[in-house]
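Undergrad: Read off the chains here:
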Amino acid sequence: MKRLFPILSVLTAILLAYALYQALVVAPTDALQGDVYRIIYYHVPSAWTAFLLFFINFVASIQYLVNANSSARRAAKWIVIGIGVLGVVAAYLPPVQQQLTSAGMRPSAMATTVVLIPIFYFLIGKWFPGQRLDVLAVTTAEVGVVFCTIVLVTGPIWARPVWGIWWAPGDIRLTSTLVLWLIYVSYLVLRRFSSSAQTQMLAAALAVFGALDVPLVYFSIWFFRTQHPQPVIGGGGSMDPRMLHVLLISWLAFLCFAFLVCWARFRLELLHREVEEAHAMASLAGSSAKASLPINRSPR
Amino acid sequence: MNAIKYLFAAYIATWVIHAAYLGSLVRRFSELRRQMKELGKGK
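Quick mapping for you: the protein sequence lines, in order, are chains A and B.
Residue numbering for the first sequence follows numbering that gives the first Met the number 0, starting at 0 and increasing by one per position.
Residue numbering for the second sequence follows numbering that gives the first Met the number 0, starting at 0 and increasing by one per position.
Don't take every hint at face value.
Stated by the list, open to error - Here chain B is said to cover these stretches of chain A; the calculated rule only asks that three of the stretch's residues, wherever they fall, bring their Cβ under 8 Å from a Cβ of chain B: (1) 157-163; (2) 269-282.
To be verified - Chain B is nowhere near these chain A residues, computed Cβ spacing over 12 Å in every case: (3) K1; (4) P5; (5) V9; (6) F50; (7) P128; (8) G129; (9) R131; (10) A204; (11) L205; (12) Y217; (13) L251.
As the list claims (entries may be wrong) - What the simulated footprint calls covered on chain B by chain A, stretch by stretch (three residues with Cβ under 8 Å from a Cβ of chain A suffice, anywhere in the stretch; the number is not a length): (14) 1-9; (15) 12-18; (16) 21-28; (17) 31-37.
Source of the hints: derived by calculation from the structure; they are not laboratory data.
Computed from a prediction, not measured in an experiment: that's the story for all the values here.
Even glycine gets a Cβ: it sits at the ideal position worked out from N, Cα and C.
Just chain A, with the same shape it has in the complex (with noise of 0.2 Å):
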């Protein structure tokens, strides 16, 4: 595991490397914006890359909450199968179908991302039991914080020559992206902040309505008017096939190096939790070697 992660380094450097290459020389220029466009191939990687992280965070915040109770583990447990089955199922349903080809999506493509869910559940539920899944949580929220800080500020910097603003106040997609990472950020606080015994059961609350704005920030594109373009995968959007292929190369790279972040950060959260057990034990050592000393009463 210690030779693995240098390894993995080099060959994420590598990818990004050869990512941004692929975006600045290979993927070729925008007939309306120029090369100001190039800024998607950053943009909408970390966006799809945060939005991953968010997920994930939900999914373990979930377990970590059902977890403290039996029956709502097993609950929790055949919602999550329905969830998947009810959803493959609707995705092939005529009125699903029809409404999904009109905003250019596949119904394979509904069904695939549905399936996902279960999946994800049952996984992280197997390969981060007991505490574990609460640091995962942590290590998410943290590490989606920072991509969904970078969506934040190239948005605007791709805005304000493409759209002669920097921002545009009241608009859903921009408004919803902003309160997703201030719920995120909150999420942070509360755990670096709060020492009450509580804290991981609070968080993880918090962080299942905090990914209910991942929706809402995803589908605000398709269901009002705003400023923001539509998707360029399922969403009605059209690219040129040479850049998408640079957008995938680009996610790809931005996903390895997520997890490579990740994983230093769950170590991370590990000695820390580590040493935090350490202090107290020694701190209980203290106290017992105080307690068992004679004491000095003076005369009254």
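Once you have looked at the hints, place chain B on chain A.
TA: Quick look at chain B alone, frame taken from chain A:
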């Protein structure tokens, strides 16, 4: 083209944010390792 500066600004901003975060991880790791070492000496 004038807009190219925005492209480079976005790319640089991305890596500055990632570098700052990685730097904070390294700082926190070394702080925890130092604390672990101190606790080990105290035993």
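Undergrad: Could you run down the list of hints and mark each one as holding or not?
TA: Quick rundown of the hints versus the structure:
Using a Cβ-Cβ cut-off of 8 Å, 3 residues of the stretch 157-163 of chain A lie near chain B, which meets the minimum of three, so the contact claim holds. Counting residues of the stretch 269-282 of chain A whose C-beta lies closer than 8 Å to any C-beta of chain B gives 7; at least three are required, and the coverage claim holds. In this structure A:K1 is separated from chain B by more than 12 Å, as the shortest Cβ-Cβ distance comes to about 14 Å. The non-interface label for A:P5 is consistent with chain B: the shortest C-beta to C-beta separation is roughly 14 Å, beyond 12 Å.
Against the 12 Å criterion, A:V9 stays outside the reach of chain B, whose nearest CB is about 15 Å from its own CB. Under the 12 Å C-beta cut-off, the non-interface status given to A:F50 relative to chain B holds; the minimum distance is some 17 Å. Listed as outside the interface, A:P128 is consistent with that label: its C-beta sits roughly 23 Å from the nearest C-beta of chain B, beyond the 12 Å cut-off. With 12 Å as the threshold on Cβ separation, the claim that A:G129 sits away from chain B holds: the shortest Cβ distance comes to roughly 21 Å.
Non-interface status of A:R131 relative to chain B is upheld: no Cβ of that chain comes within 12 Å, the nearest being about 18 Å off. For A:A204, the non-interface assignment is confirmed: its Cβ lies about 26 Å from the closest Cβ of chain B, beyond the 12 Å cut-off. The Cβ of A:L205 sits about 22 Å from the closest Cβ of chain B, beyond the 12 Å cut-off, so the non-interface label holds. Non-interface call for A:Y217 relative to chain B: holds, since the shortest CB-CB distance, roughly 21 Å, exceeds 12 Å.
Every CB of chain B is more than 12 Å from the CB of A:L251 (nearest about 16 Å), matching its label as outside the interface. Residues of the stretch 1-9 of chain B lying with their CB closer than 8 Å to a CB of chain A number 7, which satisfies the three-residue condition for coverage. Check on the stretch 12-18 of chain B: 4 of its residues sit with their Cβ under 8 Å from a Cβ of chain A, so the three-residue criterion for coverage holds. Residue count for the stretch 21-28 of chain B with a Cβ under 8 Å from a Cβ of chain A: 4. That meets the three needed, and the coverage hint holds.
As drawn, the stretch 31-37 of chain B meets chain A at 4 residues by the rule of a beta-carbon pair under 8 Å; at three or more, the given contact holds.
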